[in-house]
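Novice: Taken in sequence, the protein lines are chains A and B.
Residue numbers 1 to 538, in the working numbering, belong to the letters of the first sequence in order.
Residue numbers 1 to 183, in the working numbering, belong to the letters of the second sequence in order.
Derived by calculation from the structure, the hints in this document are not laboratory data.
Please note: incorrect hints may appear among the correct ones.
In silico lysine to any residue, SDA-like type, Cα no more than 20 Å apart, as pairs [said to hold, decoys possible]:
{"#": "1", "chain 1": "A", "residue 1": "Lys394", "chain 2": "B", "residue 2": "Ile24"}
{"#": "2", "chain 1": "A", "residue 1": "Lys296", "chain 2": "A", "residue 2": "Ile325"}
{"#": "3", "chain 1": "B", "residue 1": "Lys171", "chain 2": "A", "residue 2": "Gln396"}
{"#": "4", "chain 1": "A", "residue 1": "Lys443", "chain 2": "B", "residue 2": "Phe177"}
{"#": "5", "chain 1": "A", "residue 1": "Lys394", "chain 2": "B", "residue 2": "Glu76"}
{"#": "6", "chain 1": "B", "residue 1": "Lys171", "chain 2": "A", "residue 2": "Lys296"}
{"#": "7", "chain 1": "A", "residue 1": "Lys400", "chain 2": "B", "residue 2": "Lys180"}
{"#": "8", "chain 1": "B", "residue 1": "Lys180", "chain 2": "A", "residue 2": "Ile325"}
Please read all numbers here as calculations on a predicted model, not as lab measurements.
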Amino acid sequence: MIEKLFKFHGGVHPPEHKAESAATPIRPVPMPARLVLPLRQHIGNVAKVKVAVGDHVLKGQQLAAPEGMISAAVHAPTSGTVVAIDEQLIPHVSGLPDLCITLQADGEDRWIEREPLDYEDMEKTAVIEALRQAGVVGLGGATFPTHVKLRADPRHPVKTLILNGAECEPFITCDDRLMRERADEIIRGLQIMAYLLDAECCLVGIEDNKPEAAQAMRTACARSAVPVEVVLVPTLYPGGGAKQLIKVLTGWEVPSGKLPSEIGVQCFNVATAYAVHRFIDHGEPVISRIVTVTGKVARPGNFEVPLGMAIETLVQAAGGAAPDIDGFIMGGPMMGFKLPSPRVPVVKATNCIIAASPDLFPPQPLPMPCIRCARCADVCPANLQPQELYWFAKSQNFEKARDYHLFDCIECGCCSYVCPSHIPLVQYYRYAKSEIIALDRAKQAANLARERNQLRLARIEREKQERQARHAQKAMGAKTDTAADEAKKAIIAAAIERAKAQKAAVTPQNTDHLPPEAQAEIARIEARRSQAMEQQKE
Amino acid sequence: MVSALLVMVGLGLVLGALLGYASIKFRVEGDPLVDKIDAILPQTQCGQCGYPGCRPYAAAIAKGEADINQCPPGGEAGVRALADLLGVEPKPLNTAHGVPKPKSVAVIDENLCIGCTLCIQACPVDAILGAAKQMHTVIASECTGCELCVAPCPVDCITMVPIPETVSNWKWRYPVFEIKAVS
Numbered sequence: 001m002i003e004k005l006f007k008f009h010g011g012v013h014p015p016e017h018k019a020e021s022a023a024t025p026i027r028p029v030p031m032p033a034r035l036v037l038p039l040r041q042h043i044g045n046v047a048k049v050k051v052a053v054g055d056h057v058l059k060g061q062q063l064a065a066p067e068g069m070i071s072a073a074v075h076a077p078t079s080g081t082v083v084a085i086d087e088q089l090i091p092h093v094s095g096l097p098d099l100c101i102t103l104q105a106d107g108e109d110r111w112i113e114r115e116p117l118d119y120e121d122m123e124k125t126a127v128i129e130a131l132r133q134a135g136v137v138g139l140g141g142a143t144f145p146t147h148v149k150l151r152a153d154p155r156h157p158v159k160t161l162i163l164n165g166a167e168c169e170p171f172i173t174c175d176d177r178l179m180r181e182r183a184d185e186i187i188r189g190l191q192i193m194a195y196l197l198d199a200e201c202c203l204v205g206i207e208d209n210k211p212e213a214a215q216a217m218r219t220a221c222a223r224s225a226v227p228v229e230v231v232l233v234p235t236l237y238p239g240g241g242a243k244q245l246i247k248v249l250t251g252w253e254v255p256s257g258k259l260p261s262e263i264g265v266q267c268f269n270v271a272t273a274y275a276v277h278r279f280i281d282h283g284e285p286v287i288s289r290i291v292t293v294t295g296k297v298a299r300p301g302n303f304e305v306p307l308g309m310a311i312e313t314l315v316q317a318a319g320g321a322a323p324d325i326d327g328f329i330m331g332g333p334m335m336g337f338k339l340p341s342p343r344v345p346v347v348k349a350t351n352c353i354i355a356a357s358p359d360l361f362p363p364q365p366l367p368m369p370c371i372r373c374a375r376c377a378d379v380c381p382a383n384l385q386p387q388e389l390y391w392f393a394k395s396q397n398f399e400k401a402r403d404y405h406l407f408d409c410i411e412c413g414c415c416s417y418v419c420p421s422h423i424p425l426v427q428y429y430r431y432a433k434s435e436i437i438a439l440d441r442a443k444q445a446a447n448l449a450r451e452r453n454q455l456r457l458a459r460i461e462r463e464k465q466e467r468q469a470r471h472a473q474k475a476m477g478a479k480t481d482t483a484a485d486e487a488k489k490a491i492i493a494a495a496i497e498r499a500k501a502q503k504a505a506v507t508p509q510n511t512d513h514l515p516p517e518a519q520a521e522i523a524r525i526e527a528r529r530s531q532a533m534e535q536q537k538e
Numbered sequence: 001m002v003s004a005l006l007v008m009v010g011l012g013l014v015l016g017a018l019l020g021y022a023s024i025k026f027r028v029e030g031d032p033l034v035d036k037i038d039a040i041l042p043q044t045q046c047g048q049c050g051y052p053g054c055r056p057y058a059a060a061i062a063k064g065e066a067d068i069n070q071c072p073p074g075g076e077a078g079v080r081a082l083a084d085l086l087g088v089e090p091k092p093l094n095t096a097h098g099v100p101k102p103k104s105v106a107v108i109d110e111n112l113c114i115g116c117t118l119c120i121q122a123c124p125v126d127a128i129l130g131a132a133k134q135m136h137t138v139i140a141s142e143c144t145g146c147e148l149c150v151a152p153c154p155v156d157c158i159t160m161v162p163i164p165e166t167v168s169n170w171k172w173r174y175p176v177f178e179i180k181a182v183s
């Protein structure tokens, strides 16, 4: 029983804008004719294609297999034909294309054989492997493969399992609606997770601006066999960050550079628990997700969307966007990014689509110089010094930025939000982070090259010495080994002799079986020849 | 007086013996400065600096024979890092040794390759795979882009291809802001 809640440092209260989309139930969308499924929908290795162009696939069939431990599979959201495997625009900040499988739906929506998993009778590792093959990833937006977090580690036993229903970002209501409508299923998923991790304590953290969701979850918990406690946490952005929620619920702080599991806590999004339940109890891999469509659309709300559906088609299902929009934001206004095109597909990370317009998100005034007011430090939920990080990132002093724990920054955007000089601080941090990552990679490549070069030089040196040794041996051998050579030569000569004799014995002569007069003739000729030879000699 | 002298001489002997022992016991193999310089160099092993690889160049810098601005793959950032390490003023890159180019990898046109193995012998990091009269190919992840294999190829089937920007190696840009003129 949680008696006391804790506070994390900082945080802000941006306008919530949740009422627009939270009022209506989750709506289904018609299955689109064409689905584009990127192979990079999760953190980790890109999935490996298992189908070829022209293949007919069924709903739920695996199209791409996970590659390595930190990777997740991709499945067909409907039955149809694979029409292309090529590079297409994906919802990524870079606006660059990436490898995608394009599926032409056949309209039948025919499932593969679905079987619930009897997970309690299976080895836990087999269940984890099944989840890996089912493509279950963190559906809160980070898309980290869930099976990796569900492996029970004997060194760090997970005592506390936290389900994250905080949903702190403005505009987003997909978890809210999911908890209101499918609470039993979420709790069922939580039970499976608790079983896999041997967790002793299960908590559900929900921000207090979602009383209906909390009520629905409490009702479901009352029916559940495993004790689960639903805790209302104060509404404060970014209270839904994993480390922040852990701090609020337990008072424990995840140390810098460590994972929550190392302090015995594991945190999952409610939608992830729901996806685990769908797979374990119904045999359905992750092929759809709940997406909030809001902002300047006619009928904002939440939709159950097959992965791969184009954003513009989804927006049409929400009644279409207003004419004055200037693009779509994926994710929330604090951490989301503007999509490179409205034609990019919905992926596992797509929790919210906001039709943005200048009056909804007025353009930021030009940044002014930093006045060192340190308001950013007051609101930073990671307890960093954002103003220092800004100076280091701006002057490309990356080592110093790393020393000031740049990589503990969760890019929540609180600092940019409060900055009176309108400095886009998070942009600087992202820039510095990606530069540092690139530098680290270059360093690794250089180390590899150095090692390979040294090995090559050592090999050349070794070969040279071996050659020299061989030459020296030969020179010595010419002098000393004459006796051995003579013996060898004698053996060879004897062998040649033997071979000749053998050949003579075997080969038939054409003079062997001749009549006596011919024999006499030959004898006469031979005698004449020997006479002539003797005369010649004289 | 004598006792004081004896004490001083004794101290000198003891400390001298201690120092002598320490210098043998804690002897540093090789030149640590060369290692430090070598760690900064990009390990392309291209030889553009005029030395047969990064380590010989590092040794030359450590001896004071070579300047710090002879490494085009390291770029200005490399010169700055070397200047920082050695406590000297950074200077612009010496263009006589070449100019920095975008990172590239060698690609063998496998239809043209005659399997002569000359490029394999030229590659400083053993990143080319093949055998006599067999097709050769470059292991892209191991290629440093040194271009040393390009010249020896008798059929000119090796080209340097810049590494394209993809989703996996994309980097966030430095924030820039358009300054508008006030009318």
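Novice: All hints are to be evaluated individually against the structure, with a verdict given for each.
Specialist: Going through the hints against the structure:
1. At roughly 48 Å between alpha-carbon atoms, Lys394/A and Ile24/B are farther apart than 20 Å, so this suggested pair is violated.
2. The hinted pair formed by Lys296/A and Ile325/A meets the criterion: a straight-line CA distance of about 7 Å does not exceed 20 Å.
3. For the given pair, Lys171/B sits about 14 Å from Gln396/A by alpha-carbon distance, which is consistent with the 20 Å threshold.
4. Restraint check for Lys443/A and Phe177/B: not satisfied, since their Cα atoms lie roughly 31 Å apart, outside the 20 Å limit.
5. Distance hint between Lys394/A and Glu76/B is fulfilled; the C-alpha atoms sit about 18 Å from each other, no more than 20 Å.
6. Taking the CA atoms of Lys171/B and Lys296/A, the gap is about 31 Å. The hint is violated against a cut of 20 Å.
7. A threshold of 20 Å between alpha carbons decides the hint, and for Lys400/A with Lys180/B the separation of about 33 Å lies outside it, so the pair is violated.
8. The suggested pairing of Lys180/B with Ile325/A is violated, with an alpha-carbon distance near 24 Å, which exceeds 20 Å.
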